[in-house]
Amino acid sequence: MIIGLTGSIATGKSTVSRMLKQKGYPIVDADEISRLVVEPGSPVLESIAEAFGYLVLHPDGSLNREKLGSLIFNDEEKRKKLNGIIHPAVRREMIRQKEEWLEKGANTVVMDIPLLFESKLQSYVDKIIVVSATPAIQRERLIARNGYSADEADARINSQLPIAEKELGADAVVDNNGSLEETEHQLAKILNEWNAKL
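As numbered in this note's numbering, residues -9 to 188 make up the sequence shown, in order.
Calculated from the structure, these hints are not laboratory results.
Quick caveat, the model's predicted, so the values are computed rather than measured.
Among the hints, a few may not be true.
No more than 35 Å apart at the CA atoms, straight line, and that leaves these computed lysine-lysine pairs for DSBU-like [claimed, not checked]:
no., residue 1, residue 2
1, K57, K88
2, K94, K110
3, K11, K70
4, K179, K11
5, K187, K13
6, K68, K57
7, K13, K117
8, K88, K70
9, K117, K88
10, K179, K94
11, K13, K94
12, K13, K179
13, K68, K117
14, K187, K94
15, K110, K68
16, K70, K110
17, K179, K88
18, K187, K117
Now the in silico label distances, taken between C-beta atoms and shown as ranges [unchecked claim]:
no., residue 1, residue 2, range
19, K13, A39, 38 to 46 Å
20, D161, G95, 23 to 31 Å
21, L45, N185, 46 to 54 Å
22, E40, E130, 37 to 45 Å
23, E89, E171, 30 to 38 Å
24, E155, K70, 14 to 22 Å
25, S32, K70, 19 to 27 Å
26, S109, A154, 16 to 24 Å
27, S113, N148, 24 to 32 Å
28, N97, P152, 28 to 36 Å
29, E172, P49, 43 to 51 Å
30, W184, G95, 16 to 24 Å
31, D116, A178, 17 to 25 Å
32, K187, D65, 40 to 48 Å
All residues carry an ideal CB built from backbone N, CA and C; glycine is no exception.
Put together the whole structure using the sequences plus the hints.
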């Protein structure tokens, strides 16, 4: 079984991903892969520099995420252009890692994909878990964790598909407004109901 794990900014998806890892489930992490494909010297990083200018690179040849982020944050065309370079490479590597786990004999593989719905990757997985929190809790966490102002936090939250919409596409929802124990308990129940063997 391939489980897709998703959520929105500051809903606690990474926390649930860590819980799954601790239980021994293999994780294919889209964020980790998106860092991997833009390592210095990679063809993807070269394409990004060609498309956006070499100013998006640090002197050591690594990607200057802040610089690139500021270029694309309010520019839909540039964001699409960047996604067109990065996404295909990330998808290829995600599929490669998933296949590798299955070949090693894994019964269940978790694909941790923050933008599962936005990128329309539902077909990559058999079941979807959405980690959910209220916008008020998301805002609180972003202010505490990232030092954002309330407006900055809201802008980040509103730039994503509403969590309520993601919940509609989920096979199961983990409500992560409460304690870690409550989250852990919900996760265990879902895995048990789905008979998600290691």
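Okay, the hints, checked on the actual structure:
1. K57 <-> K88: Satisfied, since the Cα-Cα distance of roughly 32 Å is no more than 35 Å.
2. K94 <-> K110: 27 Å, holds
3. K11 <-> K70: Holds, because 32 Å separates the two Cα atoms, which is no more than 35 Å.
4. K179 <-> K11: 16 Å, holds
5. K187 <-> K13: Judged against 35 Å, a Cα distance of about 11 Å means the pair holds.
6. K68 <-> K57: 13 Å, holds
7. K13 <-> K117: 18 Å, holds
8. K88 <-> K70: 26 Å, holds
9. K117 <-> K88: 15 Å, holds
10. K179 <-> K94: Judged against 35 Å, a Cα distance of about 26 Å means the pair holds.
11. K13 <-> K94: 17 Å, holds
12. K13 <-> K179: Holds, at about 13 Å.
13. K68 <-> K117: 32 Å, holds
14. K187 <-> K94: 14 Å, holds
15. K110 <-> K68: 20 Å, holds
16. K70 <-> K110: The given pair, whose Cα atoms are some 15 Å apart, holds under the 35 Å limit.
17. K179 <-> K88: 24 Å, holds
18. K187 <-> K117: Within the cut-off at roughly 14 Å; holds.
19. K13 <-> A39: 38 to 46 Å: 40 Å, holds
20. D161 <-> G95: 23 to 31 Å: Check passed, 24 Å falls within 23 to 31 Å.
21. L45 <-> N185: 46 to 54 Å: Holds: the Cβ-Cβ distance is about 51 Å, inside 46 to 54 Å.
22. E40 <-> E130: 37 to 45 Å: 41 Å, holds
23. E89 <-> E171: 30 to 38 Å: The hint (30 to 38 Å, Cβ to Cβ) holds, given that E89 and E171 are roughly 35 Å apart.
24. E155 <-> K70: 14 to 22 Å: At 21 Å between Cβs, range holds.
25. S32 <-> K70: 19 to 27 Å: 21 Å, holds
26. S109 <-> A154: 16 to 24 Å: 19 Å, holds
27. S113 <-> N148: 24 to 32 Å: Between S113 and N148, where Cβ atoms are some 27 Å apart, the hint holds.
28. N97 <-> P152: 28 to 36 Å: 33 Å, holds
29. E172 <-> P49: 43 to 51 Å: 47 Å, holds
30. W184 <-> G95: 16 to 24 Å: 19 Å, holds
31. D116 <-> A178: 17 to 25 Å: Given a distance of about 19 Å, which is inside 17 to 25 Å, the answer is holds.
32. K187 <-> D65: 40 to 48 Å: The hinted range 40 to 48 Å holds for K187 and D65, with Cβ atoms some 45 Å apart.
Of the numbered hints listed earlier, not one is contradicted by the structure.
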